[in-house]
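Here are the chains, one letter per residue:
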Amino acid sequence: MSRPNSLLYLDGVSVSFDGFKALNDLSMVIGPGEMRAIIGPNGAGKTTMMDVITGKTKPDTGEVYFNGVVDLTGEDEASIAELGIGRKFQKPTVFESHTIWDNLELALKGPRGPFATLFHRLSAEEEARINELLKVIRLGEKAHELAENLSHGQKQWLEIGMLLAQDPKLLLVDEPAAGMTDAETAETAELLKDIAKTHAVVVVEHDMTFIRALGVKVTCLAEGSVLAEGSLDYVSANERVVEVYLGR
Amino acid sequence: MMTSFLFRTLDAKAGVFIAILLAVIVAVPCFNLLVPETSSFHLPTYAVTLMGKYMTYALLALSVDLVWGFCGILSLGHGAFFALGGYAMGMYLMRQIGTRGVYGDPILPDFMVFLNWKELPWYWYGFDMFWFAAIMVMLVPGVLAFVFGWFAFRSRVTGVYLSIITQALTYALLLAFFRNDMGFGGNNGLTDFKDILGFDVQADTTRAGLFATSGLAVLICFLICRAITKSKLGKVLVAVRDAESRTRFLGYRVEHYKLFVWTISAMMAGIAGALYVPQVGIINPGEFAPANSIETVIWVAVGGRGTLVGAVIGAILVNFAKTWFTAALPDLWLFALGGLFVAVTLFLPKGIIGIAGDLMKKRKSTPSKETNDTSGPSATKTPDPEPAE
Chain U
1165 MSRPNSLLYL
1175 DGVSVSFDGF
1185 KALNDLSMVI
1195 GPGEMRAIIG
1205 PNGAGKTTMM
1215 DVITGKTKPD
1225 TGEVYFNGVV
1235 DLTGEDEASI
1245 AELGIGRKFQ
1255 KPTVFESHTI
1265 WDNLELALKG
1275 PRGPFATLFH
1285 RLSAEEEARI
1295 NELLKVIRLG
1305 EKAHELAENL
1315 SHGQKQWLEI
1325 GMLLAQDPKL
1335 LLVDEPAAGM
1345 TDAETAETAE
1355 LLKDIAKTHA
1365 VVVVEHDMTF
1375 IRALGVKVTC
1385 LAEGSVLAEG
1395 SLDYVSANER
1405 VVEVYLGR
Chain E
67 MMTSFLFRTL
77 DAKAGVFIAI
87 LLAVIVAVPC
97 FNLLVPETSS
107 FHLPTYAVTL
117 MGKYMTYALL
127 ALSVDLVWGF
137 CGILSLGHGA
147 FFALGGYAMG
157 MYLMRQIGTR
167 GVYGDPILPD
177 FMVFLNWKEL
187 PWYWYGFDMF
197 WFAAIMVMLV
207 PGVLAFVFGW
217 FAFRSRVTGV
227 YLSIITQALT
237 YALLLAFFRN
247 DMGFGGNNGL
257 TDFKDILGFD
267 VQADTTRAGL
277 FATSGLAVLI
287 CFLICRAITK
297 SKLGKVLVAV
307 RDAESRTRFL
317 GYRVEHYKLF
327 VWTISAMMAG
337 IAGALYVPQV
347 GIINPGEFAP
357 ANSIETVIWV
367 AVGGRGTLVG
377 AVIGAILVNF
387 AKTWFTAALP
397 DLWLFALGGL
407 FVAVTLFLPK
417 GIIGIAGDLM
427 KKRKSTPSKE
437 TNDTSGPSAT
447 KTPDPEPAE
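So the sequence lines, in the order shown, correspond to chains U and E.
To convert, note that position 19 of the first sequence is 1183 in this note's numbering; the numbers rise steadily by one, no gaps.
To convert, note that position 386 of the second sequence is 452 in this note's numbering; the numbers rise steadily by one, no gaps.
Same shape as in the complex, but just chain U (with noise of 0.2 Å):
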């Protein structure tokens, strides 16, 4: 896929910390609407990706561009969100000592200034989306209880509603499964498959079944690298993958 169609486009992006090559000339591009996967052993570079996408971390060298034109090694973190890029952290990060309602206002997508915020009232058709929201993710019940008192599982939830609520055209999502059962896993599987019909996702997972059970295109990292890019069959009988990763 060119550049100018991609939603977004990693060409040759090296970074590297005190001598330490972290990600090395990385190439990926994301179609529009598109879910991916990715895979690869610990240090891969698969949140080191994320952070070069989000902004927090600025490439050495290499391209980032996002929905063909946007150059995305130019922005803070603020305007990359504003762009319409979403994060959720591998930790569960919500507002701990913020009602469930409330971290998803805050969330929610709207003018970001302070003055806007200031003399901000909540609107009848924010209060739906939260309720919507609420709904999806399970915990109207709790929408006015403290973060903190959430399971790590309805934190990582918590976390994916907040997602939702800034509607970005894309998700990247940092082991959503981690901590959760079995039962849960298969859901949070099943509410991804939901969010990628609207919109493009990358998820990073350890998880093989968590995988399987979305069934989209995956990629393998390793040492800051693309290993091996396809199916999850077609990666998973790949020799090197098996090596690095998968383990014999």
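Quick caveat, the hints were computed from the structure, so don't treat them as lab data.
In this text, a Cβ means the ideal position worked out from N, Cα and C, and glycines have one as well.
Just so you know, nobody snuck in bad clues.
Facing chain U, a subset of chain E residues (Cβ under 8 Å, in silico):
1. Leu-299
2. Val-302
3. Arg-314
With a straight-line cut-off of 27 Å between C-alpha atoms, the simulated DSS-like cross-links for lysine-lysine are:
4. E:Lys-428 with U:Lys-1306
5. E:Lys-79 with U:Lys-1306
6. U:Lys-1306 with E:Lys-427
7. U:Lys-1273 with E:Lys-296
Assemble chain E onto chain U, guided by the hints.
For chain E alone, kept in the frame of chain U given last:
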């Protein structure tokens, strides 16, 4: 629109606080001015001034609570903004002395005549007018905070590092204001004030008026702080405090939010300083001392961080204790203050307001303990150490 913005967030608890504050604002001057001196209910003027001073401290504490309690910016340099507001007011009061000074110069304050200065420095222009001084009281701390914050927050200086540079800021100003060449009276500062707006600063009525003004300033700033913290902007501030990078990834420009409250807070501290100076009758570089700023943080911690009401209560109680202690057991005060801070940090992380809230919850939940157990854990909020995945 502004009034609805200020009042729409009020609830019963805030109402009680405002009612008590209003009652004090009215009662203190009454007991001083209307009750005859022979009566045992008469409140001596020194007590009115003392309480007026506490009110200005309460306002300073409120401004610290706004940035620390809600946005997590631990400022150890708010005394600088307080002192700058104080100096702006002091300059006005100096210009009001006129020919009544020791040297009788109609324009130059005594210390300038003493230093053999022939002309008023340019930055003293305009301070003979109250409205100009009143603007400067907010503008000078505001601009300094804006410039300081612009660089600090844009460079993402946070936590301990930010606290240290706020200390450096106030210390640098302390050293600068000690210099005679600065034109602010050096070591001695500004003092010997006569009039404010044509009223004798020593008169009982002026004292009572200054007290009431300080009380009203606390009230108005409380309403502003509350409106800010209860708005969506306030929720963003708490989000920044708890998970700064998450807030960024949601698309909020964290530095703009910090800059906004930081500047507002500095302006409030400036107003506090301006009300403090005519009541104590002097402003000198000692007000910039880093220890002052640290003490303010202790008041807020004692009262309860992030509660606004707590900041006011903490400031008044600790200073009341200080007044009593420094008279009764002067040598022990610093130990008491240090001990208080340690005790509060260890045992009362949510301050006085925190225990009051817990007690009320306990009383409410005791009768229906069995049925109410499901909502129990919300009362005990120890952060559970969650293993990172």
